[in-house]
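S.K.: Chain A is already provided as a structure; the job is to place chain B on it using the hints.
There are 2 protein chains.
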Amino acid sequence: MSNNKVVLYIAMSLDGYIAKPDGSVDWLYDIEGDGGDNGYSKFYNTVGTVVMGRLTYEEVLALADEFPYAERPCYVLSRSQQVEAPHVTFTNEPLETLIPGLRDQSKGDVWLVGGGQLVQAFLEKKLLDEVCIAMIPKVLGEGIPLFPEGTVPSSFRLIGMEQMGQIVSLSYEVLQ
Amino acid sequence: MSNNKVVLYIAMSLDGYIAKPDGSVDWLYDIEGDGGDNGYSKFYNTVGTVVMGRLTYEEVLALADEFPYAERPCYVLSRSQQVEAPHVTFTNEPLETLIPGLRDQSKGDVWLVGGGQLVQAFLEKKLLDEVCIAMIPKVLGEGIPLFPEGTVPSSFRLIGMEQMGQIVSLSYEVLQ
Numbered sequence: 001m002s003n004n005k006v007v008l009y010i011a012m013s014l015d016g017y018i019a020k021p022d023g024s025v026d027w028l029y030d031i032e033g034d035g036g037d038n039g040y041s042k043f044y045n046t047v048g049t050v051v052m053g054r055l056t057y058e059e060v061l062a063l064a065d066e067f068p069y070a071e072r073p074c075y076v077l078s079r080s081q082q083v084e085a086p087h088v089t090f091t092n093e094p095l096e097t098l099i100p101g102l103r104d105q106s107k108g109d110v111w112l113v114g115g116g117q118l119v120q121a122f123l124e125k126k127l128l129d130e131v132c133i134a135m136i137p138k139v140l141g142e143g144i145p146l147f148p149e150g151t152v153p154s155s156f157r158l159i160g161m162e163q164m165g166q167i168v169s170l171s172y173e174v175l176q
Numbered sequence: 001m002s003n004n005k006v007v008l009y010i011a012m013s014l015d016g017y018i019a020k021p022d023g024s025v026d027w028l029y030d031i032e033g034d035g036g037d038n039g040y041s042k043f044y045n046t047v048g049t050v051v052m053g054r055l056t057y058e059e060v061l062a063l064a065d066e067f068p069y070a071e072r073p074c075y076v077l078s079r080s081q082q083v084e085a086p087h088v089t090f091t092n093e094p095l096e097t098l099i100p101g102l103r104d105q106s107k108g109d110v111w112l113v114g115g116g117q118l119v120q121a122f123l124e125k126k127l128l129d130e131v132c133i134a135m136i137p138k139v140l141g142e143g144i145p146l147f148p149e150g151t152v153p154s155s156f157r158l159i160g161m162e163q164m165g166q167i168v169s170l171s172y173e174v175l176q
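So the protein lines, in turn, are chains A and B.
The first sequence begins at 1 in my numbering and counts up one residue at a time.
The second sequence begins at 1 in my numbering and counts up one residue at a time.
The hints are simulated quantities; they were obtained by calculation from the structure and are not laboratory data.
Careful: at least some of the hints might be erroneous.
Result set (DSS-like, lysine-lysine): computed pairs, CA atoms no more than 30 Å apart in a straight line [to be verified]:
#1 B:42 with B:20
#2 B:5 with B:42
#3 B:20 with A:20
#4 A:5 with A:107
#5 B:5 with B:125
#6 A:20 with B:125
#7 A:126 with B:20
#8 B:125 with B:107
#9 B:5 with B:126
#10 A:125 with B:20
#11 A:5 with A:125
#12 B:5 with B:20
#13 B:126 with A:20
#14 A:42 with A:125
#15 A:107 with A:42
In isolation and in its complexed conformation, chain A is listed as follows:
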């Protein structure tokens, strides 16, 4: 057993979306932050392992010139596709064994990058320890929800809040 946690760290619109319907996150970029990286480096330094769903992985690839998590073990969770790709390991191992295994081996916390389907599955299987949401002061009106309808009812305990310009970061422990 390690002391590592599994942490969802993500930005969300006020109406609960993490991306526009096409997966894009361009609406994040004109928000006035703290003038720096809005706490990202500080968080990323605590991360030992990165996990994300396939759609999120594809959005990350589309956004960045270089894969941004290349220097961390990074797992792409996909039921259907198991491909070879640089910097990442595709896996369809069941979450119940995969995530505790990664958490124990990891040299730091396990970051769940997204998206909504994985969040739902992690909450249902009680695999999520903390949720850190950057509240973006916008209503999108449509998009990909962080907590899709049908997510298992869950309670959280507030463990931190921080203002970064127009962004408010809310940190919660997931109560099991």
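M.R.: Positioned in the frame of chain A, the structure of chain B alone reads:
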């Protein structure tokens, strides 16, 4: 012209719901707050006029032994029903004339109590000045959304944040 504002002041789950599917808000009551009324009296003292939709009105009636806004002018907005009821005035006047009129006459701010359909209409018609959301540390999984899908995309400016126990109150100016 008055200096009164039209303010949405409401509690929302982390997944964006203001009530369970049946309209109930019992999930609000076991949250640890600030030990007092979580800023409600302070807010209510700024309110001159109360407006809400018919479904919200019916939920308020179902919840309270006494109508909680009896000492303020209170308008229930309903397209279909125009009934006589104690403490409130039903109206189907178009929002575009009703709300500016109420704002100008009001002895204080106009409080939009809810629900989601009115929020959508107020944002679309640019009738909302401020949004004050009490973030409740729960995921409900289903319910009545504060910002239903199809709400007009909107941007806000953070004007305040406050922790009240497990609740975080976020206040925004609506950018027009």
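S.K.: It remains to establish, for every hint, whether it holds in the given structure.
M.R.: Verification of the hints:
1. Between residue 42 (chain B) and residue 20 (chain B) the alpha-carbon distance is near 27 Å, which keeps this suggested pair within the 30 Å criterion.
2. With a C-alpha separation of about 16 Å, the suggested pair residue 5 (chain B) and residue 42 (chain B) falls inside the 30 Å cut-off, and the hint holds.
3. For the given pair, residue 20 (chain B) sits about 25 Å from residue 20 (chain A) by alpha-carbon distance, which is consistent with the 30 Å threshold.
4. The hinted pair formed by residue 5 (chain A) and residue 107 (chain A) meets the criterion: a straight-line CA distance of about 11 Å does not exceed 30 Å.
5. For the hint linking residue 5 (chain B) to residue 125 (chain B), the alpha-carbon distance of about 15 Å falls within 30 Å, and the restraint holds.
6. Proximity of residue 20 (chain A) to residue 125 (chain B) is assessed by CA-CA distance (about 23 Å); at most 30 Å being required, the pair is judged to hold.
7. Between residue 126 (chain A) and residue 20 (chain B) the CA atoms are separated by roughly 23 Å; this keeps the pair inside 30 Å, and the hint holds.
8. Note on residue 125 (chain B) and residue 107 (chain B): the hinted pairing holds, with a Cα-Cα distance of about 23 Å set against a maximum of 30 Å.
9. Simply put, residue 5 (chain B) and residue 126 (chain B) have alpha-carbon atoms about 12 Å apart, close enough for the 30 Å limit, and the pair holds.
10. For the hint pairing residue 125 (chain A) with residue 20 (chain B), the CA-to-CA distance comes to about 23 Å; that is within 30 Å, so the pair holds.
11. Note on residue 5 (chain A) and residue 125 (chain A): the hinted pairing holds, with a Cα-Cα distance of about 15 Å set against a maximum of 30 Å.
12. For the given pair, residue 5 (chain B) sits about 29 Å from residue 20 (chain B) by alpha-carbon distance, which is consistent with the 30 Å threshold.
13. With a CA separation close to 23 Å, the supplied pair residue 126 (chain B) and residue 20 (chain A) stays within the 30 Å bound.
14. With a CA separation close to 28 Å, the supplied pair residue 42 (chain A) and residue 125 (chain A) stays within the 30 Å bound.
15. For the suggested pair residue 107 (chain A) and residue 42 (chain A), the alpha carbons sit about 15 Å apart, so the restraint of at most 30 Å is met.
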